[in-house]
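Engineer: Going line by line, the protein sequences match chains A and B.
Counting from 1, one number per residue, gives the positions in the first sequence under this note's numbering.
Counting from 1, one number per residue, gives the positions in the second sequence under this note's numbering.
Don't read these hints as lab results, they were simulated from the structure.
Just so you know, even glycine gets a beta-carbon here, dropped at the ideal spot from N, CA and C.
Warning: the hint list may mix true and false statements.
For each label pair, taking beta carbons as the anchor points, the in silico distance ranges come out as [as the list claims (entries may be wrong)]:
1) S45(B) / A108(A): 34 to 40 angstroms
2) A108(A) / T83(B): 19 to 25 angstroms
3) I13(A) / M46(B): 34 to 40 angstroms
4) R115(B) / W112(A): 30 to 36 angstroms
5) Y227(A) / R115(B): 18 to 24 angstroms
6) E198(A) / I87(B): 33 to 39 angstroms
7) L225(A) / I96(B): 20 to 26 angstroms
8) L95(B) / L225(A): 21 to 27 angstroms
9) I39(A) / L92(B): 19 to 25 angstroms
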Amino acid sequence: MTTSPAFGILISIIAYAIGLRIKEKTNNVLANPLLIAVIIIIAFLKAFGIPYEHYKIGGDGIHYFLGPLTVALGLMLFRQRAVIKAHMVSLVVGITAGVLTSFFTIIALSKWLKLDAEMVKSLVPKSITTPMALSLVEINGGNAVITIAMVIVTGIFGALLAPLFVKWFPEFNAIAIGTGIGTSAHGVGTSKAIELGETEGALSSAAIGLAGLITILLVPPLYQLFY
Amino acid sequence: MKIINQFGVILAFWLAGEAIGGLLNPIIKIPGAIMGMVLLAIALSMGLLKEASIKDASDLLLNNISFFFVPASIGVLALTGITLPVIAKIILITLISTITTMWVTMWVTTKLMKRFEKGGRTE
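In isolation and in its complexed conformation, chain A is listed as follows (with noise of 0.2 angstroms):
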């Protein structure tokens, strides 16, 4: 029974269903969906002595979806153009700023704490979103798996640290805080976002996909270069 592609897309389903009321009723940032489901099916899988293989028949099913999901952010893109064309010169050298700097901070800890090449390389698409940090993983080498851990794990650290940057900085303006938050923590810090503020929410929306874009662009020559 669980060999058949029924098993793993119903069992995706209802545990992301889960999540997304736990999360509703909580309204917690540390309760993920994706994270959630993901410890509700593994827990499934271990206590029923169910193989990842007949898993993955289904999950493969959901997995296909992903190139189309990423070919829609051009939509997500198209939609934020009058805050992109507004502020170009800003989000332009802001993000890119943001992107080197989650470079070279990620390469410098990782050769003071003596990562092997494998993790770097799964690390260093941490602050954009999952599709496109899939992409990058997909031409620059890494652990697709470890990958989107960090990458859900970067996104609760930032909608975690969001509220704080605006208390302890309060010269930045609505404009930078959004950026910053796009930039550094993608759609799970951008939800924050939304909560400060339109604007903040507005310019969070366009960093994740030029910062992504700008991060595929820049980190696999920067990789070459550095590492």
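Dock chain B against chain A, hints included.
Structural biologist: Only chain B this time, still in chain A's reference frame:
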């Protein structure tokens, strides 16, 4: 049928992205789906494609974005050989890197706006 047609349009952009990404491969590596995303944004901006012809299928994907990552994340089950100290290290790196990235982006953007957008405050 409408939503299937919309998926067809999205897949066509993906395929076009793969083709162009393949051609550019000797110069710069851009994944096909990312190239498809850029082509889609360009086609929409130039008015070659109307938002309505991809809206429902795109929103179905975009509004449930993290659901589609469930199977890829379960792959963690197939992972072996990552020790606790390594996990602690990568989480520490992620935390420090996220703090500095957020601060630098905000600082640079604030400085630039003071310089270039004096007239156009939009707080």
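Engineer: Per the hint of 33 to 39 angstroms, is the separation of the Cβ atoms of E198(A) and I87(B) within bounds?
Structural biologist: At 38 angstroms between Cβs, range holds.
Engineer: Does the Cβ-Cβ separation between Y227(A) and R115(B) fall within 18 to 24 angstroms?
Structural biologist: 33 angstroms, violated
Engineer: For the pair S45(B) and A108(A), does the Cβ-Cβ distance stay inside 34 to 40 angstroms?
Structural biologist: 38 angstroms, holds
Engineer: Determine whether the Cβ-Cβ distance between L225(A) and I96(B) falls within the hinted range of 20 to 26 angstroms.
Structural biologist: 22 angstroms, holds
Engineer: So the hint says 30 to 36 angstroms: do the beta-carbon atoms of R115(B) and W112(A) match that?
Structural biologist: Holds - the Cβ-Cβ distance for R115(B) and W112(A), about 34 angstroms, lies within 30 to 36 angstroms.
Engineer: Taking the Cβ atom of L95(B) and the Cβ atom of L225(A), is their distance within the range 21 to 27 angstroms?
Structural biologist: 26 angstroms, holds
Engineer: Is it true that the C-beta distance of I39(A) to L92(B) lies inside 19 to 25 angstroms, as the hint says?
Structural biologist: 22 angstroms, holds
Engineer: Could you tell me whether the CB distance from A108(A) to T83(B) stays inside 19 to 25 angstroms?
Structural biologist: Since A108(A) and T83(B) have Cβ atoms about 22 angstroms apart, the given range 19 to 25 angstroms holds.
Engineer: Holds or violated: 34 to 40 angstroms for the Cβ distance of I13(A) and M46(B)?
Structural biologist: Cβ of I13(A) to Cβ of M46(B): about 38 angstroms, so the range 34 to 40 angstroms holds.
Consistency note: the structure conflicts with earlier hint 5 alone.
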